[in-house]
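Participant: Sequence:
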Amino acid sequence: MTGRSKEGLRESKHDARLMMEVVSTLSLFTRTTMLRWLPQLVDEAGLTGERYMMLFELGLQPDSSLKDLAEAIGVSPSALSVMVQSLVERGLVSRVADPADRRRIALRLSADGERTMARLEEGLVDRFHAYLEELDPALRAELADASRAMLDVVDRIMGRDESRTEE
Numbered sequence: 001m002t003g004r005s006k007e008g009l010r011e012s013k014h015d016a017r018l019m020m021e022v023v024s025t026l027s028l029f030t031r032t033t034m035l036r037w038l039p040q041l042v043d044e045a046g047l048t049g050e051r052y053m054m055l056f057e058l059g060l061q062p063d064s065s066l067k068d069l070a071e072a073i074g075v076s077p078s079a080l081s082v083m084v085q086s087l088v089e090r091g092l093v094s095r096v097a098d099p100a101d102r103r104r105i106a107l108r109l110s111a112d113g114e115r116t117m118a119r120l121e122e123g124l125v126d127r128f129h130a131y132l133e134e135l136d137p138a139l140r141a142e143l144a145d146a147s148r149a150m151l152d153v154v155d156r157i158m159g160r161d162e163s164r165t166e167e
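Residue numbers (this note's numbering): 1 to 167.
Some hints here could point you the wrong way.
Pair by pair, the computed Cβ-Cβ distance ranges are [as the list claims (entries may be wrong)]: (1) I105 x V125: 31 to 37 Å; (2) G8 x A79: 48 to 54 Å; (3) L151 x R127: 18 to 24 Å; (4) E11 x L35: 32 to 38 Å; (5) R160 x K13: 21 to 27 Å.
What the hints contain is simulated information worked out from the structure, not anything from laboratory work.
For glycine and all other residues, C-beta sits at the position ideal for the given N, C-alpha and C.
Could you build all of it, start to finish, from the sequences and the hints given here?
Facilitator: This is the structure in structure tokens:
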């Protein structure tokens, strides 16, 4: 291995550590801001934090089974079943038969569930926007560019085909 490739490996490893630090810091930031902002938002939507997390997860992974959803949010399927039923009764979640396996029931957001999540997301965006407005416009633009680049990398790693454009 040449000195140049060892240096390239060190730089690449440094970049990986930096990305891990960014992900960890963003996770902490997300938990902190959600604990601060979500109670008011979910209360206004007539939800609990747990039910919001269910809707959020179904938005990320539509057509999840009860077992998959329970694993994703860290509760038992039996405990989750009651919460799912309440969201079905409110018209926020739909149960649908899996076309590939009619015995499997999949859960997904209903149209009302999607609208509710869009309103909640807009509330979160408004709060983030207030913070970002405090930044210098050039720094904000740099942060937006870096965010798009990071999301592109994460999408490639996760095998998702997303393209980010300026909105």
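Participant: Take the hints in turn and mark each one as holding or not.
Facilitator: Structure-based check of each hint:
1. I105 x V125: 31 to 37 Å: This hint holds: roughly 33 Å between Cβ atoms.
2. G8 x A79: 48 to 54 Å: Holds: the Cβ-Cβ distance is about 49 Å, inside 48 to 54 Å.
3. L151 x R127: 18 to 24 Å: holds, 20 Å
4. E11 x L35: 32 to 38 Å: Holds, since E11 and L35 (Cβ atoms, about 36 Å apart) stay within the stated range.
5. R160 x K13: 21 to 27 Å: At roughly 25 Å between Cβ atoms, K13 and R160 fall inside 21 to 27 Å, so the hint holds.
In this structure, none of the earlier numbered hints is contradicted; all agree with it.
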